[in-house]
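Participant: Read off the chains here:
4 protein chains.
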Amino acid sequence: MSSAVLKISCPDRKGIVAEVCQILADCSANIIDAQQHREDLDSQFFMYVKFDCSELNCERELLENRLKEKSELIGFNWTLSFKDQKKRLAIMVSKYDHCLYDLLLKHKYGELDVDIALIVSNHPDLKATAEHFGVPYFHIPRNKDNREQADQIAVDLFKEQKIDFIAMARYMQILTPILIQAYPNKIINVHHGFLPAFKGAKPYHQAYAKGVKLIGSTSHYANEELDMGPIIDQVTVRVSHAYSADDMVRKGRDMENRVLTNAVKAHAADRIIVYKGRTIIFS
Amino acid sequence: MSSAVLKISCPDRKGIVAEVCQILADCSANIIDAQQHREDLDSQFFMYVKFDCSELNCERELLENRLKEKSELIGFNWTLSFKDQKKRLAIMVSKYDHCLYDLLLKHKYGELDVDIALIVSNHPDLKATAEHFGVPYFHIPRNKDNREQADQIAVDLFKEQKIDFIAMARYMQILTPILIQAYPNKIINVHHGFLPAFKGAKPYHQAYAKGVKLIGSTSHYANEELDMGPIIDQVTVRVSHAYSADDMVRKGRDMENRVLTNAVKAHAADRIIVYKGRTIIFS
Amino acid sequence: MSSAVLKISCPDRKGIVAEVCQILADCSANIIDAQQHREDLDSQFFMYVKFDCSELNCERELLENRLKEKSELIGFNWTLSFKDQKKRLAIMVSKYDHCLYDLLLKHKYGELDVDIALIVSNHPDLKATAEHFGVPYFHIPRNKDNREQADQIAVDLFKEQKIDFIAMARYMQILTPILIQAYPNKIINVHHGFLPAFKGAKPYHQAYAKGVKLIGSTSHYANEELDMGPIIDQVTVRVSHAYSADDMVRKGRDMENRVLTNAVKAHAADRIIVYKGRTIIFS
Amino acid sequence: MSSAVLKISCPDRKGIVAEVCQILADCSANIIDAQQHREDLDSQFFMYVKFDCSELNCERELLENRLKEKSELIGFNWTLSFKDQKKRLAIMVSKYDHCLYDLLLKHKYGELDVDIALIVSNHPDLKATAEHFGVPYFHIPRNKDNREQADQIAVDLFKEQKIDFIAMARYMQILTPILIQAYPNKIINVHHGFLPAFKGAKPYHQAYAKGVKLIGSTSHYANEELDMGPIIDQVTVRVSHAYSADDMVRKGRDMENRVLTNAVKAHAADRIIVYKGRTIIFS
Chain L
1 MSSAVLKISC PDRKGIVAEV CQILADCSAN IIDAQQHRED LDSQFFMYVK
51 FDCSELNCER ELLENRLKEK SELIGFNWTL SFKDQKKRLA IMVSKYDHCL
101 YDLLLKHKYG ELDVDIALIV SNHPDLKATA EHFGVPYFHI PRNKDNREQA
151 DQIAVDLFKE QKIDFIAMAR YMQILTPILI QAYPNKIINV HHGFLPAFKG
201 AKPYHQAYAK GVKLIGSTSH YANEELDMGP IIDQVTVRVS HAYSADDMVR
251 KGRDMENRVL TNAVKAHAAD RIIVYKGRTI IFS
Chain C
1 MSSAVLKISC PDRKGIVAEV CQILADCSAN IIDAQQHRED LDSQFFMYVK
51 FDCSELNCER ELLENRLKEK SELIGFNWTL SFKDQKKRLA IMVSKYDHCL
101 YDLLLKHKYG ELDVDIALIV SNHPDLKATA EHFGVPYFHI PRNKDNREQA
151 DQIAVDLFKE QKIDFIAMAR YMQILTPILI QAYPNKIINV HHGFLPAFKG
201 AKPYHQAYAK GVKLIGSTSH YANEELDMGP IIDQVTVRVS HAYSADDMVR
251 KGRDMENRVL TNAVKAHAAD RIIVYKGRTI IFS
Chain H
1 MSSAVLKISC PDRKGIVAEV CQILADCSAN IIDAQQHRED LDSQFFMYVK
51 FDCSELNCER ELLENRLKEK SELIGFNWTL SFKDQKKRLA IMVSKYDHCL
101 YDLLLKHKYG ELDVDIALIV SNHPDLKATA EHFGVPYFHI PRNKDNREQA
151 DQIAVDLFKE QKIDFIAMAR YMQILTPILI QAYPNKIINV HHGFLPAFKG
201 AKPYHQAYAK GVKLIGSTSH YANEELDMGP IIDQVTVRVS HAYSADDMVR
251 KGRDMENRVL TNAVKAHAAD RIIVYKGRTI IFS
Chain P
1 MSSAVLKISC PDRKGIVAEV CQILADCSAN IIDAQQHRED LDSQFFMYVK
51 FDCSELNCER ELLENRLKEK SELIGFNWTL SFKDQKKRLA IMVSKYDHCL
101 YDLLLKHKYG ELDVDIALIV SNHPDLKATA EHFGVPYFHI PRNKDNREQA
151 DQIAVDLFKE QKIDFIAMAR YMQILTPILI QAYPNKIINV HHGFLPAFKG
201 AKPYHQAYAK GVKLIGSTSH YANEELDMGP IIDQVTVRVS HAYSADDMVR
251 KGRDMENRVL TNAVKAHAAD RIIVYKGRTI IFS
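Residue numbers (UniProt numbering), protein chains in the order written: chain L, 1 to 283; chain C, 1 to 283; chain H, 1 to 283; chain P, 1 to 283.
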C-alpha cells in the first residue's frame with residue numbers, strides 16, 4: 001500500500017470537510033485516517049487526511065490540480081505529500097555525538113522514514129562515525145568571523161543535495177538568518193532545557209542553580225529568535241539535589257535523543273502544521 | 001519502634017560523621033538510615049540520620065544536651081525531631097477543593113504522618129467538606145483591603161493552635177510578610193505551572209500560548225518573592241495542541257495533588273533542608 | 001454544539017468509508033474527528049466518527065434508519081450515540097473509598113460526562129460519603145451464600161434505574177454470571193495488579209514476593225473469567241526493595257484511581273470497541 | 001577522592017552498625033553514604049556503606065583483615081570493593097545491536113564505571129561495530145548441538161580475561177549451566193517483556209495477543225530457570241491497539257537499553273545484593 005498525506009488549513013467554515021472528501025473519493029483515494037483541529041481563539045480550521053493512493057483512478061497531478069482549483073475557489077492552504085517520495089534529511093553536528101547516533105541507529109532500524117542524505121559539522125571529529133554508517137560527511141569550519149559564509153556554504157550544499165529538512169543534532173551553533181530563512185520551519189533544533197525556562201547557554205547549570213526537581217529537553221523549529229521557535233516535543237526526567245550540573249548533562253542525553261528523534265519522525269511523516277508560533281501535531 | 005531524625009549542616013570538615021555517630025552510639029541510639037550530601041560549590045556538608053530511639057539509655061533531653069555541647073564545640077547546625085511527636089498541619093484553601101481532598105484522604109489512609117489541626121479559608125464554601133472529615137474549619141474573609149489583618153488573624157490562630165507547618169492547598173492568595181515571616185520555610189505552596197517558567201497568574205494560559213507539550217506543577221516553600229521560593233517537588237504531564245487552557249486546568253489537578261502531598265510528606269518526615277534557595281531532600 | 005459518535009466494524013472492504021461519509025453528508029452532519037483501525041491478522045475494519053449533529057437537516061431517527069438500511073445492504077455492525085443523552089453510571093464499592101472519591105470528584109469537576117445514578121455497596125460504611133456528594137446509596141449485603149441473590153437484586157435495581165454501565169470501584173467481590181451477563185462489556189473493574197501477571201487475590205503481595213521493580217494497576221471489562229476480561233487501561237509506578245506489600249498497597253491507590261477513571265471516561269465517550277478479547281480505544 | 005563500598009548482610013541484631021562503623025573510624029575511613037535495609041519476613045539485615053578511602057591510616061589489607069575477624073566473631077557476610085579497581089565487563093551479543101550501542105556509548109561518555117574488556121557473539125555481524133569502538137570481538141559460533149562446548153569456550157575466555165561480570169545485550173541464546181554456574185548473580189540479561197508476565201519467546205507477540213496497554217522490559221540476573229532470575233530493573237511504555245507486534249518490537253528498543261544499562265551501572269557500583277531471589281539495590 002502506498003499512502004499520501006493531505007494537510008489543510010483555513011478559517012473555519014461549513015462543508016470544507018465534505019468538499020475535500022469528495023475530491024478524494026472522486027479519485028478513488030481511500031481515507032485511512034482523518035484528524036481535525038480548530039483553534040477556538042481565532043476560528044482557524046486544520047485538517048490532516050491520510051489516504052491510500054495505490055489505486056488512484058487518475059494521475060497524481062490531476063488530483064493536485066483538483067485540490068488547487070478548489071483551494072482557489074473556497075480559500076484554503078494545502079500541502080500534499082506522497083510516502084513513496086522520501087524526504088531528504090541533513091544532520092548538523094558539532095562534537096557531541098549522542099543525538100547523531102540515535103538518528104543513525106533509528107534510521108537503520110527502519111523507524112525513520114527519510115533518506116539521511118548527509119552530515120555537516122563544524123568539526124572533523126565525527127567523520128569516522130559517519131563513515132561507519134555510510135553517510136557522507138562534510139566538514140564546514142565555522143567561527144565567529146565566518147558564520148555567514150559558513151552558513152551560505154551549507155545552504156548551497158543543501159540546495160544542491162535537494163535537502164528537505166535539517167536536524168541540528170546538538171550543533172551548538174547559533175544559525176544566521178541565511179540558513180534559517182532558507183529553510184523556514186524545516187530546521188529542527190534540540191535545546192537541552194525545558195523551554196521556555198532556561199533559554200540560551202548552559203541550561204543544565206541554570207537548572208541546577210534554581211534547584212529544579214525535573215530537568216527537560218525541547219525540540220523546536222529554529223527561527224530567528226534564539227530558542228523561541230515553535231515547540232515540537234518535550235521530555236522531562238527527575239533529578240535530585242544530589243545531581244551536579246554535570247550529572248544533569250549526563251542524564252539529559254537520552255531525553256535529547258528522544259525529543260529530536262520524535263520531532264524528525266513527526267516532520268518526516270508530515271504530521272506537523274505550524275500556526276502562530278505553536279505546532280499542531282497530528283498523531 | 002520509635003524513631004527520630006537528626007539533621008546536621010556545617011562547612012565540611014573531617015570527622016564530623018564519626019563524632020556524631022559516637023554520641024548516638026553512647027546513648028544506645030541504633031542508626032537506621034544515614035545520608036549525606038556535600039555542596040561542591042561552597043563545601044557545605046549536610047547529614048540526615050534516622051535512628052531507633054526506643055531503647056535509649058538516657059533521657060531524650062540528655063541526648064539533646066550532648067548534641068548541643070558538641071555543636072558549640074565544633075560548629076554545626078542541627079535539628080532533632082521525634083516521630084512520636086507528630087507535627088501539626090494547617091491547611092489553607094480557597095474554593096478549589098482537589099488538593100484539600102487529596103490531603104484529607106491520604107491522611108485518612110495513614111500516609112501523612114501529621115495531625116491535621118485545622119483548615120483556614122477565605123471563603124465559607126468548603127466547610128461541609130471539612131466537617132465530613134472532622135476537621136475544624138475557620139473562615140477568615142480576605143480582600144485586597146484587609147490582607148495584613150486577615151493574615152494576622154491566621155498567624156494568631158496558628159500560634160494558639162501550635163501549628164508546625166502550613167499547606168496552601170490552592171489558596172490562591174498572595175500572602176503578606178506577616179504570615180511568611182512567622183513561618184519561614186514552613187509554608188508549602190503549590191503552583192500550577194512548571195517553575196521557573198510560567199510564574200504568577202494563569203500559568204496554564206501562559207503554557208497554552210507558548211505551545212508547550214508538557215505542563216507541570218511545582219510545590220515550593222513560600223517566601224517573599226512570588227513563586228520563587230525553594231522548590232520541593234515537580235511533576236509534568238503530556239499535553240497536545242488539542243488541549244485548551246481549560247483542558248490543561250483539568251489535567252493539572254492530579255499533578256497539583258501529587259506535588260503538594262509529596263511535599264507535605266517530606267516536610268512531615270523531616271527530610272528537607274533548605275540551603276541557599278534550594279532544597280536538599282533526603283529519600 | 002451537540003455531537004454524536006458513530007462506531008462501525010466489519011470485515012475490511014473498499015468504499016465503506018465513502019458510503020458512510022456520504023450518509024452523514026446527506027444529513028448535514030459535519031465530521032469532527034474520524035479514526036480508523038484495521039486488524040491485520042483477520043482483516044477486520046473499525047471506524048470511529050465523531051460529528052456535529054446540531055444542524056442535522058433531518059430527524060435523528062431518519063439518520064439511524066439510513067445507517068440501518070446501509071448496514072443491512074453491505075454488512076457492518078454499528079452503534080450511534082448522542083452526547084446530549086448522558087449515560088447513567090452505577091458505582092459498586094466495598095469499603096475502600098479512594099476510587100469512589102476519584103469518580104465523584106472528577107464528576108463534580110465536569111471531567112466525567114455521565115450521570116452518576118447510584119452507588120451500590122455490600123457494606124453500609126460509605127453511605128455518608130455518598131450523601132456528601134448527593135448520590136443515592138444502596139446497601140445490598142452479600143456473602144458467600146447469597147451471591148446470586150444479591151447480584152439479582154443489583155441487576156433489578158440497575159434495570160429499574162436504566163443504568164447504562166457499571167464501575168466496580170474496588171468492589172472486591174467476584175460477580176456471578178447473573179450480573180456479568182446482564183451487562184456484557186459494560187462492567188468496568190479495576191485490578192490492583194499488572195495483568196496478566198498477578199491475577200486473583202493479593203496481587204501486591206505476589207508482586208512483593210517476585211521482587212518486581214514496578215507495580216501496576218489494570219482496568220478491564222469484567223467477564224466470566226476472573227481478571228481476564230479485555231484490558232482498558234494500565235499504569236505502573238516504580239517501587240524498590242524497601243517497599244513492603246503494605247507500602248505497595250498505599251502507593252497503588254493513585255494508580256487504581258487513574259486506570260478506573262480513565263476507563264470510565266473512555267466508555268462514557270463511546271471511544272471503546274471490544275474485539276476478540278482486546279479493546280480498540282479511539283483517542 | 002578514592003572511595004570503597006562495603007556491603008554486609010546477616011540476621012538482624014543490635015550493635016552491628018556501631019561495630020562496623022568503629023572499624024571504619026579506626027582506619028580513618030570517612031563514611032560518605034550509609035544505607036540499611038531489613039527484611040521483616042525473616043529479620044535479615046543488610047547494610048551498604050560507601051566511604052572515602054583516600055586517607056586510610058593503614059593498608060587496605062589490614063582493613064580487610066579487621067572486617068574478616070569481626071565477621072567471624074559476630075557472624076555476618078561482607079564484601080569490600082574499591083572504586084579504583086574497575087570491574088571488567090564482557091558483553092554477549094547476537095545480531096541485534098541496540099543494547100550493545102547503548103553500553104558502548106554510555107561507557108564512552110563516562111557513565112559506566114567499568115572496563116569493557118571484550119565482546120562475544122555467536123555471529124560475526126557486529127565485528128565492525130566493536131572495532132569502531134576499539135573493543136576486542138570474539139566470534140564463538142553456537143548452535144543447538146554445540147551449546148555446552150560454546151559456553152565452555154566462553155567461560156575459558158572470560159576466566160583468562162579476568163572478567164568480573166557479563167551483560168547479555170540481547171544475546172538471544174539460552175545459556176547452559178556451564179556459563180551460569182561459573183558466574184552466579186554476575187550475568188545480567190535483558191528480557192523484552194514485563195516479567196513475570198510474558199516469559200520465554202516472542203514476548204511482544206504475547207503482549208499483543210493479550211491486548212495490554214503497556215509493554216515492558218526487564219533486566220535480571222540469569223539463573224538456571226529461564227527468565228526467572230532476580231529482577232534488577234523494569235521499565236514500561238504505553239502502547240495502543242494500533243501497535244502491531246512489530247511496532248512493539250520497535251518501541252521496545254529504548255526500554256531494553258535503559259534496563260540493561262541501568263543494571264550494569266548498579267552492578268558496577270556494587271549497589272546490588274541478591275537475597276532469596278530478589279534484589280536489594282541501594283540508591
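To be clear, the hints were calculated from the coordinates, so they are not data collected in a lab.
Quick caveat, the model's predicted, so the values are computed rather than measured.
Possibly wrong hints are sitting among the right ones.
In this list, chains with the same sequence are indistinguishable; a pair is considered to hold if it fits within one copy or across any two.
Unchecked claim - DSSO-like cross-link-like pairs, simulated, lysine-lysine; straight-line CA separation at most 27 Å:
{"id": "1", "residue 1": "K276", "residue 2": "K251"}
{"id": "2", "residue 1": "K159", "residue 2": "K70"}
{"id": "3", "residue 1": "K83", "residue 2": "K210"}
{"id": "4", "residue 1": "K159", "residue 2": "K83"}
{"id": "5", "residue 1": "K186", "residue 2": "K210"}
{"id": "6", "residue 1": "K106", "residue 2": "K127"}
Participant: Indicate, hint by hint, whether the structure satisfies it.
Facilitator: Now the hints, each set against the structure:
no.	hint	in the structure
1	K276 <-> K251	between (33 Å within a copy, 24 Å between copies)
2	K159 <-> K70	neither (31 Å within a copy, 53 Å between copies)
3	K83 <-> K210	neither (45 Å within a copy, 31 Å between copies)
4	K159 <-> K83	within (21 Å within a copy, 52 Å between copies)
5	K186 <-> K210	between (33 Å within a copy, 19 Å between copies)
6	K106 <-> K127	both (19 Å within a copy, 20 Å between copies)
Going through the hint list in order, the structure does not satisfy hints 2, 3.
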